[in-house]
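Q: One-letter residues, chain by chain:
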Amino acid sequence: MNALAAALSRRLPEGQVVEGFRAEQWAVCDRVPQAVVFPESESEVAEVMRLATQEGWTVVPAGKGTWLHGGQPPGAVDVVLSTMRMDRITLYEPGDLTVTAEGGIGLDLLAHRCGEHGQWLPLDPPGPRKGTLAATVSTASFGPLAYHHGLPKDHVLGVSLVTGDGRVLELGGRVVKNVAGFDVLKLTIGSWGTLGVLTSITTRLHPQPPADRTVLFRGEAGELVALARAIATAPAPLAALEMLLPGERERSGGTVPLLAVRILEASEATDEICRIVTDTAGASAFRQMDGRASAELFRNVEALESGAELVVRLRLLPSQLETVRKHADTLRELADPDEGWGTRLAAHVQCGVLRVIISRMARGEGWIDRAAEVIERVRGGLEAEGGSLTLSQGPSGLVSAVGAWGDAGSAVPLMKALKREFDPAGVLSPGRFSFL
Amino acid sequence: MSAALSSEVTADLRTIVGDQWVITDPVRLLAYESDGLTAYRRPPGAVVLPADTDEVSQVMARLAHAEVPVVPRGAGTGLSGGALAGSDAVILATPRMNRIVHVDPENRLALLQPGVINADLTEAARPHGLYYAPDPSSQSACTIGGNVAENAGGPHCLKYGVTSRYVTGLTVVLYDGEVLRLGGLGRDSAGYDLTGVFIGSEGCFGIATEIEVRLLPIPQATRTLLAMFDRLEDAGEAVSAIVARGLLPAALEIIDRETIQAVEASIFAAGYPVDVEAALVIEFDGIEAGLDFEAEEAEGCCWEKGAREVRRARSERERLGLWKGRKNAFGAFGRVAPDLLVQDATVPRTRLPEVLRAISEIGHRYGLRLANVFHAGDGNLHPNILFDRTDEDELARVEQASREIMAVCVAAGGTITGEHGVGLDKRGYMRLVHSRDVLEVMRATKKAFDPWGGMNPGKVLP
Amino acid sequence: MNSPGVALADALSGQRDLLLTCVHCGLCLPACPTYVRLHDENDSPRGRLYLMRAVVEGRIDPAAEAFQTHIDRCLGCRACEPVCPAGVEYGTLLEHARAVAVTARPRPWFIRTLLGVFQRPGRTRTVMRLSRWLRASGLAGLGAWVFPRRWHTLRMGLAMLSASGGGKLRRLGRRRRAALPEAPVGPPDAYSALLDTDEEDELRPARVGLLSGCVQAGLFERVNDATGRVLKANGFAAVTPSAQGCCGALHGHAGDLEGARALARVNIAAFEGADVETVVVNAAGCGAAMKGYAQLLADDAEFATRAAAMTEKIVDISEILVRYGMRQGASVPARVTYDAPCHLLHAQGVAEAPLEMLRSIPQLELVELNGSAECCGGAGLYGITQGELGGAIGSDKVDAILETKAEAVATGNPGCMMHIGAWLRFRGARIETIHPVELVDESYRRGGLY
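Protein chains in written order, with the numbering used here: chain A, 1 to 436; chain B, 1 to 462; chain C, 1 to 450.
Don't read these hints as lab results, they were simulated from the structure. C-beta atoms are modelled at their ideal positions from N, C-alpha and C, and glycine is treated no differently. Treat the hints with caution; some may be incorrect.
Some chain B residues judged to face chain C by a derived CB distance under 8 Å, without partners named [stated by the list, open to error]: (1) I23; (2) S34; (3) S266.
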C-alpha cells in the first residue's frame, strides 16, 4: 500500500480506501489516482479533506465514475473521492414536493423512490441514469427537459458542502423560497468539484405528468431547423424540442433526421398542444409516440454521447440555430468516417445548444494539433457572435490544448478569490478550470 | 454630511450625471430616508440618478476614490430596509434607467435597464404573446433591478419559480467602477455561476445596469377559484390535499379573516365575505383543454376539507378582482392600524398548519393583532403585525413576538425570509439559520465582489 | 424651525390621520406624471406626502424651497388615488398642503389676480368679455405665435385662449360620410317612448340644475348650449340659477381654501334655491370640486350638512345621459379619440360613461388614446405656472394624439381642452379639441332632433 493510501486508511473505517490496480479504473482523464476513497458519511468526507489540505494532496470528487473522462483534465489527481456509498434519502415529505438525499444517490434510484409518490425530478443530463445527483449538480449538466422544467440551479434548494479544508457548509435550505443571505449555493452548482464535495442535496420535485407524448417530424437538416424554430415560438408549453441528426453511417443504415417534440401535460391538454404544434409546423407529424415509447425515445437521447470520443457543445441564441449548424458541419472533418456512427448532431432547440458527437476522431500525423486548430477556429467564430464552444469530453491531450471552456473574461480574479475561500490550499480538482 | 462626502465629490457627480440629477438638499433627502419599511429612517448624504452603465461606472469610480459607500435603490418598495443609506453614503437610484432595450420574441428574451418597472416589461412583451413570470405584489411599481437584488418572488412562483430562474445575464458595475458582463442565454459561461450568486445580493456586490430576462408565452387560459373556510387550518389542509392529488396550480394563496376585513374596508374591496376565517385563492393556468378538470379536482379538495363556499371567477374582470384584493392587502392595512410590520418567512408546506397555530398562540400571548397573508403553495408566510409605534410597550412586544415567530419557522425547517430579503431589518435573525462558517463564506463572497466594502455596507450580514 | 412654521404645521396636523394611512409602499410612483418624468421621489405622491408629514412633525419649515417647489409641481391630477391600496385622500391633503405653502410664501401676482377675478362674478364677466374679444380678433392666436418662448406665461395664456375657440364640428367626418350609408335615426316617437319606461319614471329627474361655471360660461358657451340642448332632447329640463358662481376648484387647488369655501357656500345656496335633486356639471374639474364640497365644508357648522347634500346631487353630463339611457342621433363618421380628464377619471372615478356616450353616436370611430389616463399637463393653471414640465407632459399627450390619426380629440374639461388645444396649435396639428357632449349635440343636430 502506498503511503498516501495508508495514511487515509488509518483515518477511515476499513474498506473505504482502494489503491493500485483497483484505482486504475478511477483514472480521471487518464490520470490514475494514488488512492480512491469511498466515505460513508459527511464527517468522513470532512476528515479526508482536512487531511488532504494538511498534506497538500489533490482531491477530485466523483460519483459512480461514469464520466471521469469529461471536462477539463485536472492538473494532478492524488485522491479520487467517490460519494457513491452515500446514497440514502434522508428526508422525503411528499407533501412538500421536496426531497433531501445524499449526494451519491443515483438519479435512477431517486426517480424510483419519488415515482412511488407520483413525483419526479425533471433532470435528464447526458449519460447513464445511474449517474449521481451530486455529479449532475456539480457539473450543472442538463438535457432536453431543462428549458421548460429548469436547470439544476432551478431545482436545487440546498446542499451540504464539505470545503477543501474540511468545513461543512449548509447552504440554502429545504424550502422553495429562501432569500436569507447571499445565494452562495449557486456558486457550487456547476463548480466541477473545485469548491467542495456535495454530500447532501435538497431539490424541488414536481408531480409526474399524467401523459407523455412525443411528436416526430422528419426531413433534411435545413428543413428541420426551420421547422424547429417555428415550433419553438408556438404559444404552447413544450417539455422538450430536440433536433436529432444521425451520423453519416447511421444514415446509410436508414436512420432519418428527426425533430422530436415532447409534451408532458394532462391528456386533454396534450391533444390540444399537438394540434398547435402541427398547425405551427404547417406539416403533419411523421409519428407520434405515447407513454413508455415517448419516455424510451428520450432515454435514448440521454445515451447519445455514450461511446463517443469527442463531444463538442456549441451554443448561440436559439434563433441562430442554422448558424450553429453550419459551424457544427465544420467539425465533421474531425471524425473518422469509417468508424462507429461518424458525427451525430443533437440540438436542444429552445436553448440554442447543439452537440457535435463524434464516434471516433480521425488519426494521422499531428491529428491533435490539427483538431485543436479546427476547434479553435470554430470557437473564435462563435465567440465573435456572442456564443461559446465547450468540450464536454475528448482526448486529454486535445482538451488540455484547447481548454474545455472558452474565455472566462474579466471575472477571473473574482473567481480566484472565491476559490481561495472554499479551498484555501488549492487541493480540490486543481486545473479543472484552467483559468483559475 | 460627513467629511467623506465633500462638496468636491458632489460637484464631480454633478459633472458626470448633470446638475439636476444629484440631490443634496437635506429637505429633499428626507424622501429617501425610508423604503417600503418605515421602521427605519436614515437620510442619505446624497442621491444620484445616473442614466446608463457608463454613468454608473463613472459615479462609482468617483465614490470609490473618495471612499464613499454606495446604496442602490430602485422604486424603494423593498420591505427590509435594504435601500437605506447613512449620511456618509450616497444612494444611487435607477429610475432614469428605465429603458427596455429590446424585446426579442424569437428567443423569448428581453434586455432591459434596471429601472424598468416589472409590470411595464410584461406590458411590452404582451403584443408578442409573451410575459415576464415573476410577479411580486408590488409589480405595478417595483423595478426589475430591485427584483434582481432581492431575488423577488410573488404569488405565481409555486409553478413558475422566482426571479433567478428568469434572469439569464447581467451587466454589473462593481464599486470601483469596473463593468462585468455575466452569463447570457446564448452561451455557456466558463467558471462559477456569478449571475446566480449576484441575484439576491441586495446591492451588496455591485449594481446591475443591464439585465437579460427570459419571457414565457402567455398561458392560453386561467381558472381562478376562491374557497372560503371557517377554520384557517382547513384551508391549509385543502392546500395539502390539492398538492397530494398531483395538481400544480399556478398559485395557492391564503388570506385570513383580519386581512379580509382590511381589504374589504379599502377601495379595493373584492367582495370577500368578512365573516370567514380564511379565503383560499387557487389559480390554474395553461392550455384551455383540461383546465376545468383541474379546477374541479381542486374544488373537490376544498369541499372535502370543509369549505363553506367555493366561487369561480367567471370573467377576466372577476379574476382580477379576486387578485386585486389579495395583491393590495399590504397597503390596505394602513386603514386598520397606524403601523404595520410585514413579516416574511418560509416553512415546508406540510408544516403550515402547526406553524400557523404557533404564530397565533404567540400573537395571543403578546396581545397583538396579527393578520396572515401567505403564499400557501410554497409555504411562504406573511404574518403581519398591526400596532401603534407611539405605544412603546406595544412596540417592544412586537419585536419580541417577531423574534419568536422567526424561531418557530426556523425550528420547523424553514427560513427567516422567503422573498423580502434581509436588508437592515433581519440581520439579527441571520444566526438563527446560518452557522458561523456559512456566514463567514457569505462575507468572503461579498468580499470577492467588493473587496473595498463600499457596496451597501451594514446590510444582510449580522 | 421658526414659530410661524410650527403654527402653519398645525393646519396640516389636522389631517394627521389621513397622512398616517400612507404606508410608504410606493405603488403610486409610476402613476405620477411628474415622478415618471423627473425621477425624483420628492416629485412623487409618496414623496410629497412625506414632505407634508415632515412639516407636521416639525422637521421642516413649510417656507423651505423644497416644500414649496415639490408641492407646487404636483399637477393635482390624483392619478395616485385609484392605485393607492390604503386609500389615501391625496387630493384633500394636497389642498391643505397648498394652503400651508401659500401662507408661508404668497403666490405670484398673476395667480392672485386671477383667483381674485374668479371670486367675483362681475369681474369674471368683464375679463371674459375682454378675453372673447382677444380671441375673436385673432390677437390671442397671433400673440401665441409671435411672442418669444421665454415669455411663457403670456404665450401659453394666449394660446390656451385661442384654443378655446371651438372646432369645426360640422365638417367632422364629411370626407367619409359620402361613402357610408346613413344610419337610421331613432323613430320620431323614441323621445316619448324613452319617457314611458315605467320603472324609471319615478327616479328619472325631470328638472335638473346646470352649472354654467366661470370659464365654461365665459369661453365655452357653446359647450353649455350643447349640454342644454342634449339634456332637453333627452327629456331633462335644465335650469341655471343666476345666483351661482365659480365652483372654487382653482382656489382650492391653489391653496386658497377660504376662497374656495366662500364660493362653495354661494353655489350651495344657489342650487338649493333652484329646487333640483340633480346638478349636472360638464366640466370635470368643477364636478370634482363640487363632489368635494362635503369634505371642504366638513367643519362649517352651518354648511356641513347642506354641503353633504349638495355633494350627493352632482353628476357629470356623461353620467346622467348614460344612467338613464340616451337617444340616438345621426351618424358622425369621424375618427375621434378620447382623453380622460383626471378630475373625471381619477377624482370622480367616472371612466366608462363618457366612452359609452361617444359609442352611442352612430358610425363614430372611437380610437383608443395611448396614455389616456395620464394628465395632459394642463391641470388648471399648471400649464401656465409650470411651463417647462407642463409643456413636456402636454407635448407627450400631443404625440399620443397624433399617433391615433384622429380628426378630433374629445375631453370633458375646459382646462384640458385649452391646454391640449394650445399644444396642438404649437405643433401645427389640425386636430379639433372638443367636448364629448358637443359630438352628441352634433349627432342630434344632423339627425334633426332639434
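Q: For each hint, tell me whether it holds in the structure or not.
A: Each hint tested on the structure:
no. : hint : in the structure
1   : I23  : 7 Å, holds
2   : S34  : 6 Å, holds
3   : S266 : 5 Å, holds
Comparing the model with each numbered hint stated earlier shows that all of them hold.
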